[in-house]
Amino acid sequence: VQLQASGGGLVQAGGSLRLSCAASGNIFSFRRMGWYRQAPGKQRELVATLLSDGSTNYGESVKGRSTISRDNNAKNTVYLEMSSPKPEDTAVHYCSVAVGGVVYWGQGTQVTVSS
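Count the sequence shown with the working numbering and you get residues -1 to 113, in order.
Calculated from the structure, these hints are not laboratory results. Mixed in with the good hints, there may be bad ones.
[Stated by the list, open to error] Straight-line alpha carbon distances no greater than 30 Å define the calculated DSBU-like cross-link-like pairs of lysine-lysine that follow:
id : residue 1 : residue 2
1  : Lys40     : Lys84
2  : Lys84     : Lys61
3  : Lys73     : Lys61
4  : Lys61     : Lys40
[Claimed, not checked] Between beta-carbon pairs, the in silico distance windows are:
id : residue 1 : residue 2 : range
5  : Ser112    : Asp51     : 32 to 40 Å
6  : Lys73     : Ser113    : 35 to 43 Å
7  : Arg42     : Arg16     : 18 to 26 Å
Yeah, the Cβ is synthetic: ideal placement off N, Cα and C, and Gly gets one too.
Build the full structure now, drawing on both the sequences and the hints.
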């Protein structure tokens, strides 16, 4: 399984952000798909996860302004939409898929939020 994240870049605070992560390979029986991020000098933290039963979980810092979803057609793409991004959301955002007992990571996409 390979993951390709996209959609990062420079965004204005208070705007909107949409990240995509396309997976190649068989993820039909995935256990968890998710987004994590790591800011300079900080540990990697949870942004959002989507479990195979459809339930979602969000990190406290993004709860209420972020939505994780999966492409309804292709089923191999996971999205992260964030409204009103803040400068503290600046970080490298990574997508991840847990399938077949293995956790796969994408290469990360930089998100920079300007005030």
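Verification of the supplied hints:
A threshold of 30 Å between alpha carbons decides the hint, and for Lys40 with Lys84 the separation of about 17 Å falls inside it, so the pair holds. Pair hint Lys84 plus Lys61 holds up; C-alpha atoms about 13 Å apart against a cutoff of 30 Å. Of the supplied pair hints, the one linking Lys73 and Lys61 holds, its CA atoms being roughly 24 Å apart against a limit of 30 Å. Note on Lys61 and Lys40: the hinted pairing holds, with a Cα-Cα distance of about 19 Å set against a maximum of 30 Å.
Under the hint 32 to 40 Å, the C-beta atoms of Ser112 and Asp51, about 38 Å apart, fit the expected range. Here the CB-CB span from Lys73 to Ser113 is close to 37 Å, well matched to the stated 35 to 43 Å. A beta carbon spacing of about 21 Å between Arg42 and Arg16 agrees with the range 18 to 26 Å that was offered as a hint.
In this structure, none of the earlier numbered hints is contradicted; all agree with it.
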